[in-house]
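Enquirer: Chain by chain, the residues run as shown.
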Amino acid sequence: MISARSQNDRVVPPSGAPATLTSFTAGAMTFLAVFALALSLASGRLAERWASALDRTATIRISAPDDQIARQTKAVLDVLATTPGIESARAQSPDEQRKLLEPWFGPDLPLTDLPLPQLIEVIEAPEGYDSEGLKQRLAAEAPGAVLDDHTRWRKPMAEAASRLRLLGYLSILLIGAAMAAMITLAANAALSANAQVIKVLRLVGAKDSYIARAFVRRFTLRAAAGSAVGALAGTIGVALLPAQDAAGGFLTGLGFTGAGWLLPFTLPLLAGAVAFVATRVAAFTTLRRLT
Amino acid sequence: MLPLVWVTWQACEVISFENAAYSYGGGELLSDISLRLAPGSFHFLTGPSGSGKSTFLKLCYAELAPTAGRLTLFDRDVRSLTRDEVALTRRRIGVVHQDCQFLDHLPLAANVALPLTVAGRPSVAADLSDLLGWVGLGQLAEAKPPSLSGGERQRAALARAIIMGPDVILADEPTGNLDWEMSLRLLTLLVELNRMGKTILVATHDLNLIRQAKSQLAARVLRISKRRIQLAGADL
Chain A
38 MISARSQNDR
48 VVPPSGAPAT
58 LTSFTAGAMT
68 FLAVFALALS
78 LASGRLAERW
88 ASALDRTATI
98 RISAPDDQIA
108 RQTKAVLDVL
118 ATTPGIESAR
128 AQSPDEQRKL
138 LEPWFGPDLP
148 LTDLPLPQLI
158 EVIEAPEGYD
168 SEGLKQRLAA
178 EAPGAVLDDH
188 TRWRKPMAEA
198 ASRLRLLGYL
208 SILLIGAAMA
218 AMITLAANAA
228 LSANAQVIKV
238 LRLVGAKDSY
248 IARAFVRRFT
258 LRAAAGSAVG
268 ALAGTIGVAL
278 LPAQDAAGGF
288 LTGLGFTGAG
298 WLLPFTLPLL
308 AGAVAFVATR
318 VAAFTTLRRL
328 T
Chain B
3 MLPLVWVTWQ
13 ACEVISFENA
23 AYSYGGGELL
33 SDISLRLAPG
43 SFHFLTGPSG
53 SGKSTFLKLC
63 YAELAPTAGR
73 LTLFDRDVRS
83 LTRDEVALTR
93 RRIGVVHQDC
103 QFLDHLPLAA
113 NVALPLTVAG
123 RPSVAADLSD
133 LLGWVGLGQL
143 AEAKPPSLSG
153 GERQRAALAR
163 AIIMGPDVIL
173 ADEPTGNLDW
183 EMSLRLLTLL
193 VELNRMGKTI
203 LVATHDLNLI
213 RQAKSQLAAR
223 VLRISKRRIQ
233 LAGADL
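Protein chains in written order, with the working numbering: chain A, 38 to 328; chain B, 3 to 238.
Chain A extracted, bound-state conformation (with noise of 0.2 Å):
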């Protein structure tokens, strides 16, 4: 069967410009398919942390004259206590509140005299509580008190995260259609620069699906091939930038966690796919154009 087969791949001459053509576009298309990967799992990563670090939680802030200001602190943890859904409330103390604050005005911040409010931090329970109920519930008790749920924070990070993943798997079938359209037009060349090749194959009665499968053979292992090393080129690429503790920020997290390591290297098996699909459609098409 193997000897069938390699003596059936023989039939096209084993080298050219076109085939060349088809390893190098797998093998860039696919390098850049891994860093659109990474961008998508990296957001999709992102969101949820975003997601998950607001999620359940709310701050509370009172802004009132330093005479009320513990007792409507009180007032808003009396309420707290009696409202569902809160599994905990504490208020900051000067010293967490001067931590918040360390990063904008440095550590030799004189808190007693800024006129700051007082944050209470507040821990949802899993059930969850009810917002508009405890925010007119606190207008009665503490009207200096303003219930932050951070949705407003939330929804927006959560919405360009999730556009940003969007937009990496975008780039992933956009690079997909590049590398199909590509391997068309070299697998069209080949057939063209085979014209004698075919020609001769019909003569002794070749059937087009012969043929074609002898092309087809051809350019999807050689796409596989240049894809493999694309992603293996990617994946080093993606794996020395620099970590994300290191400087915190977002692109520092671009890259694969866990088993997402393997992930690039489904892609040469897509770009097999593709180029198998792509000198399909293009040998049938232009072989039923010869006679």
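Note that these hints are calculated values from the structure, not bench results.
Zero decoy hints are in this set.
As a list, the in silico DSBU-like pairs of lysine-lysine whose alpha-carbon atoms are at most 35 Å apart: (1) A/Lys236 with B/Lys216; (2) A/Lys192 with A/Lys111; (3) A/Lys236 with B/Lys228; (4) B/Lys60 with B/Lys216; (5) A/Lys236 with B/Lys60; (6) A/Lys172 with A/Lys136; (7) B/Lys146 with A/Lys236; (8) A/Lys192 with A/Lys172; (9) B/Lys60 with B/Lys228; (10) B/Lys60 with B/Lys146; (11) A/Lys111 with A/Lys172; (12) A/Lys136 with A/Lys111.
On the provided structure of chain A, position chain B as indicated by the hints.
Expert: Chain B only, in chain A's frame:
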């Protein structure tokens, strides 16, 4: 002697034209052709250059289809054949061209065995070797086609044409590039194949070759004149 493995006998009608014509680019190249090639017959086809000999041969192996009338190959109307059926029909017809083409990257033996390869049939090394020996190319099995002389290429093309044991052998100016000695050698091979029952049609300008053949067997001569095919000379 040709090894028996390549010898088959055909029972049905091989090639039949009924009022067939072929037009191209608005002009009629062949008109009103009615002709039957009986199994085991030997025909020469003559006519001036450009008279349509090659076109006629292309009709005979279904590279072209008649634009009018009817052409049947092995009792099947050519125009009703699917592309796969055309391919299968060509496996029953061996073709030898003047400018015989090969797959230049493959050795001669692989080129000769090509019809078996595309048909998915195994080529037996001993039979292939016998066939190459029969056409006098036994020593050149591993040679690449570009290194062969004109005569060697013609004999290789003949070997390739008959390896499937075809019912019909069509040759288009097979001796056009050969000296007389090599032409006679090729003719001898064709005559031997005809005696084994193959239907042979040879398009040629070479009247000496025709005379030589007629001295050995009952070959008939067809002539294309004014787009029509007639029996030529004494055959009329």
